[in-house]
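Participant: Please model the entire structure based on the sequences and the hints provided.
Chains as they are written, first to last, in this note's numbering: chain A, 8 to 218; chain B, 128 to 330; chain C, 91 to 366.
Note that these hints are calculated values from the structure, not bench results.
Incorrect hints may have been included.
[Said to hold, decoys possible] Here chain A is said to cover these stretches of chain B; the calculated rule only asks that three of the stretch's residues, wherever they fall, bring their Cβ under 8 Å from a Cβ of chain A:
(1) 161 to 173
(2) 203 to 211
(3) 230 to 238
(4) 280 to 286
(5) 310 to 318
[As the list claims (entries may be wrong)] Straight-line Cα separation of at most 30 Å, DSSO-like style, residue types lysine-lysine; simulated pairs:
(6) K207(B) / K12(A)
(7) K45(A) / K330(C)
(8) K289(C) / K330(C)
(9) K148(B) / K76(A)
(10) K76(A) / K207(B)
[Said to hold, decoys possible] Which stretches of chain C does chain A cover? Using the computed rule of at least three CB atoms under 8 Å from a CB of chain A, they are:
(11) 125 to 131
(12) 277 to 291
(13) 300 to 312
Think of the CB as a built atom: it goes at the ideal place given N, C-alpha and C, for glycine as much as any other residue.
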Amino acid sequence: MPSLKSREIIKFMAAFSGIMVIADYFLVLPASLSSLAKNVVTWGLITANFAFVLGLVNMARLHARNILKRVPGQWYFSAVLLVALIVMMGIGIVLGQADPNYSWLFQNGLLPLEGTMYASLGFFIASGAFRAFKARGVDATILIGAAIVVMLTNAPVGEIIWSGFPIIGNWVMRVPVTAGMRGIIIGVAVGSLVYALRVITGKEARYAGVE
Amino acid sequence: MDYGALLALFLTLAIFSYIYKETVIFRFAEHMFLGLATAHRMVAAYKYVVDNAWTPMMRGDFLIIGGFVFGILILLMLSKRTEWVSRWPLALMTGATVGLGVRALISVNFVRQISATFEPFALRLDALKALDVVGVLIGTVTTLAYFTFTYRHQGVLKVSSRIGRIVLMLGLGGYFGNVVMSRLTLLSGRVVEILKTLGLVPA
Amino acid sequence: MAKINRLLKTLYEDPKVVYTLLWMTLVIPYLSPLGLPIAVSPRTKTAYDTINALKPGDVIILSVDINAGAWGELGAGGTAIMRHLFEIPGIKIVIVNFDVQGHIFALRILDFIDKHGKEYGKDYVLLGFVPGGKAVGGAALASDIHKVFQKDFYGTDTSSLPMMEKIRSYKDVSVIVDVDWGQGTEAFLYQWVGPYKSKLIAHMTSMMAPTFEPHYNAGNIIGFIVGIRGAAEYELLAKKPGVGVATTDALSASHLLVVLSVIVGNIVYFSMKRRR
Numbered sequence: 008m009p010s011l012k013s014r015e016i017i018k019f020m021a022a023f024s025g026i027m028v029i030a031d032y033f034l035v036l037p038a039s040l041s042s043l044a045k046n047v048v049t050w051g052l053i054t055a056n057f058a059f060v061l062g063l064v065n066m067a068r069l070h071a072r073n074i075l076k077r078v079p080g081q082w083y084f085s086a087v088l089l090v091a092l093i094v095m096m097g098i099g100i101v102l103g104q105a106d107p108n109y110s111w112l113f114q115n116g117l118l119p120l121e122g123t124m125y126a127s128l129g130f131f132i133a134s135g136a137f138r139a140f141k142a143r144g145v146d147a148t149i150l151i152g153a154a155i156v157v158m159l160t161n162a163p164v165g166e167i168i169w170s171g172f173p174i175i176g177n178w179v180m181r182v183p184v185t186a187g188m189r190g191i192i193i194g195v196a197v198g199s200l201v202y203a204l205r206v207i208t209g210k211e212a213r214y215a216g217v218e
Numbered sequence: 128m129d130y131g132a133l134l135a136l137f138l139t140l141a142i143f144s145y146i147y148k149e150t151v152i153f154r155f156a157e158h159m160f161l162g163l164a165t166a167h168r169m170v171a172a173y174k175y176v177v178d179n180a181w182t183p184m185m186r187g188d189f190l191i192i193g194g195f196v197f198g199i200l201i202l203l204m205l206s207k208r209t210e211w212v213s214r215w216p217l218a219l220m221t222g223a224t225v226g227l228g229v230r231a232l233i234s235v236n237f238v239r240q241i242s243a244t245f246e247p248f249a250l251r252l253d254a255l256k257a258l259d260v261v262g263v264l265i266g267t268v269t270t271l272a273y274f275t276f277t278y279r280h281q282g283v284l285k286v287s288s289r290i291g292r293i294v295l296m297l298g299l300g301g302y303f304g305n306v307v308m309s310r311l312t313l314l315s316g317r318v319v320e321i322l323k324t325l326g327l328v329p330a
Numbered sequence: 091m092a093k094i095n096r097l098l099k100t101l102y103e104d105p106k107v108v109y110t111l112l113w114m115t116l117v118i119p120y121l122s123p124l125g126l127p128i129a130v131s132p133r134t135k136t137a138y139d140t141i142n143a144l145k146p147g148d149v150i151i152l153s154v155d156i157n158a159g160a161w162g163e164l165g166a167g168g169t170a171i172m173r174h175l176f177e178i179p180g181i182k183i184v185i186v187n188f189d190v191q192g193h194i195f196a197l198r199i200l201d202f203i204d205k206h207g208k209e210y211g212k213d214y215v216l217l218g219f220v221p222g223g224k225a226v227g228g229a230a231l232a233s234d235i236h237k238v239f240q241k242d243f244y245g246t247d248t249s250s251l252p253m254m255e256k257i258r259s260y261k262d263v264s265v266i267v268d269v270d271w272g273q274g275t276e277a278f279l280y281q282w283v284g285p286y287k288s289k290l291i292a293h294m295t296s297m298m299a300p301t302f303e304p305h306y307n308a309g310n311i312i313g314f315i316v317g318i319r320g321a322a323e324y325e326l327l328a329k330k331p332g333v334g335v336a337t338t339d340a341l342s343a344s345h346l347l348v349v350l351s352v353i354v355g356n357i358v359y360f361s362m363k364r365r366r
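Facilitator: So this is what it looks like as structure tokens:
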């Protein structure tokens, strides 16, 4: 009988859940087994939500320590973080996400912050295009050429500069982008299938920190 | 006076200040973002567990207890002594995810992609569309040749992987063009919000 | 010539000049619109025509997977699509989201558009967030919507909502319309289209579009609205120009700046290299 800590139990659990889910799709299982397979999926959903608590606890620990130790140059920022976390979580859990206060915090706090974080990348793309996008060889020149054509296809001004840009740009999206991405998708699919087989046959258990 | 819009304007400009220099205002906004984003994620997780696990369990669906058990087990990762127990729910989740992935991968990413590459050859197409179809076939095969590392790239494989590399460069160039549009659109979205708050464009 | 070289070298070494120019290309077109023409692409037209052809009784899963980072790009298109869906009489709309923030943006759009008399619970429902992501959540939703959503977003029992009586799984859904930055589209592709051949229309960010281009060409995605350009095209087709159309001028100016930056950057680089 393997001990509770053994790798065999972990590998067996991964194999069992994987095989149940695959079998439920490809075979006609008895009702009890099919129900078990669907419950395995549901347990996965519930477990995923519990896993977020891990991130919350780690974050809270780190920033609470900063405040208690009065880490110079950091503790007041940690205080801001924890206050924002507690206030929004408190309102969301107690009053619900449909509450106007929660909605206000989201629309006027989280939305502008997150939107601007992503939007800032536009500036770095513009300066990167100027400083880093160099036609150092044939391959780089092809890449830059394709990028310029697609950019001028996406922007309505491209058609005004030259009517050929949308034709070439759409061809780039239809043929090389499709072909390249298709090759990558098929390659990734083969790799993922191999990984799935390794997990199900127990050859791979590093997802659980086990060799 | 719309205090919400003013707060949004302040936070937007605080984040944008990073472009010029990392400032105290930026760090304040950054930490506030982390706190709010984490809170929002936790509220969503709480709501799901209450609505779709706790409530059905109270109504008699006792098999759902399995989910709670595994959920609590994964929390044991927080202590080094009990960390080993959290591997079980990880194994369950990985197995289920891998199983669900296999169902989809085979049909959508493998069979459908390969059949879509060859299906158009059975159709009557005009010359330009036919060239496109041949181009996609050659591009796909040569891209796969480029990523084949089992054999040394020599002879036919060397030529096809070189063509595949060119196809990939064109494809990545197209991808970059789309990334630029995506980022600039997001940026213009924030600019519009700033202009609306300042009253320079209609709301 | 020396002055031009010094200017170009300054541009090269100090990115703040490029940042300032970018601000100008984004702000000025909003204050003084250029009104450049926009051609409609076949992929957007197919999406519009598919939605336009919906009949009373058809059930639509509308997945609003917009987050704060993607609102700028998907908000206009999401609004145009939802507005169009609510104009079509007799269809039933089930709104879900695979992104934790999606329902908030769904509510934001619902508050903004004219619902044309559609009633909550009878003609449309907001079920909320499907956790577990693309694999687990998507598969669970396809097989039993009621099992995933025992309650709707407002806490009402799903089984008590009149329209949900007959809507239980993928079999009851006519079309999926996915407004997404990428998360939900994979869920629908792999867990709905793959196993059950469901029909999928996707409106996604231009950054994610190349990844799904092969799926569109393979027929897995039947209508494809890409980025703010696609949103502008959809607004024109629906004859209700909005934020999408207004943004394309700023898009044109800023894209021109990036293209010129690449060209000028290369000129500066090669002239500096030659001098060395």
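Participant: If a hint holds in the structure, say so; if it does not, say that too.
Facilitator: Checked hints:
1. 161 to 173: This one holds; 13 residues, not fewer than the three required, reach chain A with a Cβ under 8 Å.
2. 203 to 211: With 3 residues close enough to chain A, the hint holds.
3. 230 to 238: Contact hint for the segment 230 to 238 of chain B vs chain A: holds, 5 residues under 8 Å.
4. 280 to 286: violated (count 0)
5. 310 to 318: It holds: at least three residues are needed, and the segment 310 to 318 of chain B offers 6 whose Cβ sits within less than 8 Å of chain A.
6. K207(B) / K12(A): holds (13 Å)
7. K45(A) / K330(C): The given pair, whose Cα atoms are some 44 Å apart, is violated under the 30 Å limit.
8. K289(C) / K330(C): Holds: K289(C) and K330(C) sit about 26 Å apart, inside 30 Å.
9. K148(B) / K76(A): holds (28 Å)
10. K76(A) / K207(B): holds (24 Å)
11. 125 to 131: holds (count 5)
12. 277 to 291: violated (count 1)
13. 300 to 312: holds (count 5)
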